[in-house]
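J.: Go ahead and model the full structure; you've got the sequences and the hints to work with.
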Amino acid sequence: MFKSIMEWVDARLPISDLIKSQATEYPTPKNLNYWWNFGSLALFVLIIQLATGIFLVMHYKPDAALAFDSVEHIMRDVNWGWLLRYLHANGATFFFVVVYIHILRGMYYGSYRSPREILWWIGIIIFFLLMGTAFMGYVLPWGQMSYWGAAVITNLMSAVPLVGEDLVVWVWGGFAVGDPTLNRFFSLHYLLPFVVFGAVFVHLWALHAVHSNNPDGIDIDEHKDSLPFHPYFTVKDLYGVGVFLIIYCGFVFFAPNYFAEPDNYIEANPMQTPAHIVPEWYFLPFYAILRSIDFLGSFSKLAGVLAMVGAIAILFVLPWLDRSPARSFRYRPLSRQLFWLFIIDCFILGWVGYNPADATVFGGMPIVFVGRAATLVYFGYFFLLWLITAFDIEKPKPTPTSI
Amino acid sequence: MKSWNGLKRWGGWLAAAITAVGLGLPPASALASGGVAPPKQDWTFSGVFGRFDEASLKRGAQVAVEVCMSCHSIKYIKFDHLRSFGFSEAEVKAMAESQGKTKKDKMISGMDPQAAKDSFGTIPPDLSLMTKARKGYEDYTYGILTGYLNDKEKEMVEKIFADGNVLDPEIKEAAEALHLGHDLEKAKKSLERIHRGDNFNKYFPGNFLAMPQPISAGQVTFADGKESSLEQMAKDVTSFLAWAAEPTAMERKSAGVKVIAYLVLLTIMLYAVKRRVWSRIPH
Ligand code: HEM
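Protein chains in written order, with my numbering: chain D, 974 to 1376; chain V, 59 to 341.
Don't read these hints as lab results, they were simulated from the structure. Keep in mind that the hints are not guaranteed to be accurate.
Short derived list, chain V residues pointing at chain D, Cβ under 8 Å [what the hints assert, rightly or not]: (1) R192; (2) T306; (3) I318.
Calculated Cβ distances over 10 Å to all of chain D for the following chain V residues [unchecked claim]: (4) G92; (5) A113; (6) D176; (7) I218; (8) D221; (9) G222; (10) E228; (11) A235; (12) F266; (13) L267; (14) T279; (15) E309; (16) V335.
All residues carry an ideal CB built from backbone N, CA and C; glycine is no exception.
T.: Spelled out as structure tokens, the structure:
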């Protein structure tokens, strides 16, 4: 019965062929390690966000006078509303956890190298879209941090030469963050995840054109060294989903506000600035870079914004900065050391971003000094990676000929 | 080896650049504040298996209605909600009526916001989300309620000013006891404000707040006969406010235990299947 229906469909739309060639029999390197689980996990979290978001919208009110109350209504009165909201809020956090690991995996194993440049680019575009989506989503509950975070970040656009001030007013839809801002952010917060979904499709399209990289970073003999995606990687990815769900649900059910700022449980009040405005943790390293450029007088703001955007945009040219004959850092001792320095540096930047701009550390040193040094190290990674590979300073170990 | 020398040379340049950019230039600004972190308390409802103590919630609701509500609202809770932890309909009705309300009404304070502004300079914040809306959470609310000066501390401050002769060792001693920090000038200013009658609290950021000490020992006669010490009342009303901040919290935790148990089982099974499937290929 099912078979004859499928035959009927396949004669008109070859779904079975597509599933076979692109999913079940898609050739996958047999030596992939667990860091390769994070791509499918990212897709899984995207689906969680879409599913919970659509149900939240059924009860949420994008109105400056009602938004905060409507979120509390979801928490208190809607059946399982607290679950929807905590899944969604922590889903955003875990989306970034997963995506950061996914990106760093690519950086360590050289997955951005030829022929995967376009695949890599689409990934970066997804990351930008994700940041925009999360930023606008965070404004929706209309707490103090929503409001003031939105004010601080949108204000950055005033750094654009000539039209900056007008641009900010245009984005706000008024002379301050207010109801029109909330409305348009809501509209875009609903739209962008679907754009992300489209971008993910192109990302996978590009992946399936060039096939997966692997921990050795070498081109493989697909007849000898690949396995069909199903069942080998479906079951491995499902196991990864299980582990992920345990950790994620641990937070959702037992510490759902662990990543939340208490101030966001105070309704937005345009007349009262919170003592300390902090973005969500996933923006902190970039926020630190933004604030560390404070020594250029009236150009500081523009330069800070450029540095912040540049910190991610530089990933676009990473495929051309890295000139090593080996892709994977497994065979590149110097690159590997730089990589770990880079990771530590990102944590330092995060810590700087979390602290107030005028905090002092180590007995009186202004924290911005640490921020500036860490920003330099951040960009230094890309410079040094180019340097040691372009001038053969790093001598990679021989790569194996097969996996 | 050669590569190392190369890196070292460039590393030297990098270090020099970090010093130049990072440390050579003055920062854009600098600041400070008052109030210490409240001490941690044991809450029956914390942790995976922690649950609210209904007797404590009932006492806490009594404190909230009899004391806090003369100034604060708890707007996300209706009197009728209070039945969910053991009050009878008649009890809830009586509590609502004591505030000139019916059981279907929200717990809104009778105090007029403008009147509040006139007497306190600010409107007392709604307490529905208080335990989630401050760093320190329940410990903070408890800290605020118990962080006013006790009789001994009041006496100490008064003694400093009694002889018209304020001595540094006295300030030092008081600053230590009240966590006023090491800056004696600042500590002295704070002590003067206390002496003038401003509301001092150890745990409030900046130390001085508009709320006079709201509860003191014996203020409420508990319906269940429990002794109403300051600590007991503070603990009970904070527990009640923690309930009010998220009445679904216990439902969440019970569901969580089942969800995690299920997921762990599922994941173990998936791992077994994974092992089985992958054992087919030689490594
Ligand atoms: C890329 C996927 C998404 C991300 C990263 C994301 C992120 C966020 C974040 C960080 C919040 C604030 C949560 C809080 O603190 O309360 C939020 C709220 C919200 N999001 Fe999303 N979201 C995504 C997708 C969606 C979708 C697809 C929808 C609707 C179809 C949606 C609807 C909402 C609504 C209604 C709220 C307000 C309710 C609340 O604050 O809990 N989201 N989102």
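J.: Now look at each hint and say whether the structure bears it out.
T.: Okay, the hints, checked on the actual structure:
| no. | hint | in the structure |
| --- | --- | --- |
| 1 | R192 | holds (5 Å) |
| 2 | T306 | holds (5 Å) |
| 3 | I318 | holds (6 Å) |
| 4 | G92 | holds (12 Å) |
| 5 | A113 | holds (23 Å) |
| 6 | D176 | holds (18 Å) |
| 7 | I218 | holds (30 Å) |
| 8 | D221 | holds (38 Å) |
| 9 | G222 | holds (37 Å) |
| 10 | E228 | holds (29 Å) |
| 11 | A235 | holds (26 Å) |
| 12 | F266 | holds (15 Å) |
| 13 | L267 | holds (14 Å) |
| 14 | T279 | holds (31 Å) |
| 15 | E309 | violated (8 Å) |
| 16 | V335 | violated (5 Å) |
When each numbered hint is compared with the structure, violations occur for hints 15 and 16.
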